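All chains should be built: construct the whole structure from the sequences, respecting the hints.
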Amino acid sequence: MTTASDEIHNRRRGRPKASAAVPEDTILAVALKQFALLGYDGASLRTINRELGVSHNLLYQRFGTKEGLWRAAVDFGFGGLVAYMQGIFDPTIAEPLEQLRLAVRQFLIYSHDRPELLALMNSEGRQSTERLDYIVTRYIAPSQSQIARLLAHLADDGTIRRVPHATFFFLATAGGAAPFTLAALAKSLGSPAAADDVSIAEHAELVSTMLIEGLRLPPTEGRR
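Here the sequence shown is numbered in the working numbering, starting from 1 and rising by one per residue.
FYI, nobody ran anything at the bench for these hints, they're computed from the structure. A portion of the hints provided could be inaccurate.
Claimed, not checked - Derived pair list, reagent style DMTMM-like, types lysine to aspartate or glutamate, alpha-carbon separation capped at 20 Å:
{"hint": "1", "residue 1": "Lys66", "residue 2": "Glu130"}
{"hint": "2", "residue 1": "Lys66", "residue 2": "Glu51"}
{"hint": "3", "residue 1": "Lys187", "residue 2": "Asp197"}
{"hint": "4", "residue 1": "Lys66", "residue 2": "Glu24"}
{"hint": "5", "residue 1": "Lys187", "residue 2": "Asp113"}
{"hint": "6", "residue 1": "Lys187", "residue 2": "Glu116"}
{"hint": "7", "residue 1": "Lys187", "residue 2": "Glu202"}
{"hint": "8", "residue 1": "Lys66", "residue 2": "Asp133"}
{"hint": "9", "residue 1": "Lys66", "residue 2": "Glu116"}
{"hint": "10", "residue 1": "Lys66", "residue 2": "Asp41"}
{"hint": "11", "residue 1": "Lys66", "residue 2": "Asp25"}
On a predicted model such as this, the values are computed, not experimentally measured, just so you know.
See the structure below:
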């Protein structure tokens, strides 16, 4: 299947494409990758236009400003995250701790398919800006709400050690998903995490199990 990136890299040299000929998903995929790679200040409409191989007016016509393009790219990239994370929670799973482990596992698989999201957060998360507030308020906080409640519930009933949600979040994202975003470093260290579908699943299974088992407390007499 041809991806947006494939389409860009396979484009012909020569006359720029007409604006109407470029699908919006292609534009937003390239813009998201550029913002993730270069940061907001490093990316520009000019360089993104050049990467797309289109007329220099295309992005101005469709998005108006760099901020407008950034928001559209973020909405494109993060748009499915909230529904995906909320959909992970299965009411038929009776064991809350297993539900938490599966949530981490599936999040890691999701992150493999979208490495630009963590890369973008690594850039935007360095300083307090309206852009960071936009991502956190619109996507990160809603996608993590059920996990935060589950952590509190499991700590309240003595199943796991009490851990700040932020600590759990960073272990799962900046830690567990790092091989997918820092692919070159992972490869140099011999990590097989992103080698194929089996390796991806094994990495997600291992990380989620290690994280949850590290939180689990020995059963008390009352819960044996």
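Going through the hints against the structure:
1. Lys66 to Glu130: The given pair, whose Cα atoms are some 14 Å apart, holds under the 20 Å limit.
2. Lys66 to Glu51: holds, 15 Å
3. Lys187 to Asp197: Given pair lysine 187, aspartate 197 holds - Cα atoms ~16 Å apart, limit 20 Å.
4. Lys66 to Glu24: holds, 15 Å
5. Lys187 to Asp113: holds, 17 Å
6. Lys187 to Glu116: OK: lysine 187 and glutamate 116 at ~17 Å, within 20 Å.
7. Lys187 to Glu202: It holds: about 16 Å lies between the C-alpha atoms, which stays within 20 Å.
8. Lys66 to Asp133: holds, 17 Å
9. Lys66 to Glu116: holds, 18 Å
10. Lys66 to Asp41: Status holds; Cα separation ~10 Å.
11. Lys66 to Asp25: holds, 17 Å
In this structure, every one of the numbered hints holds.
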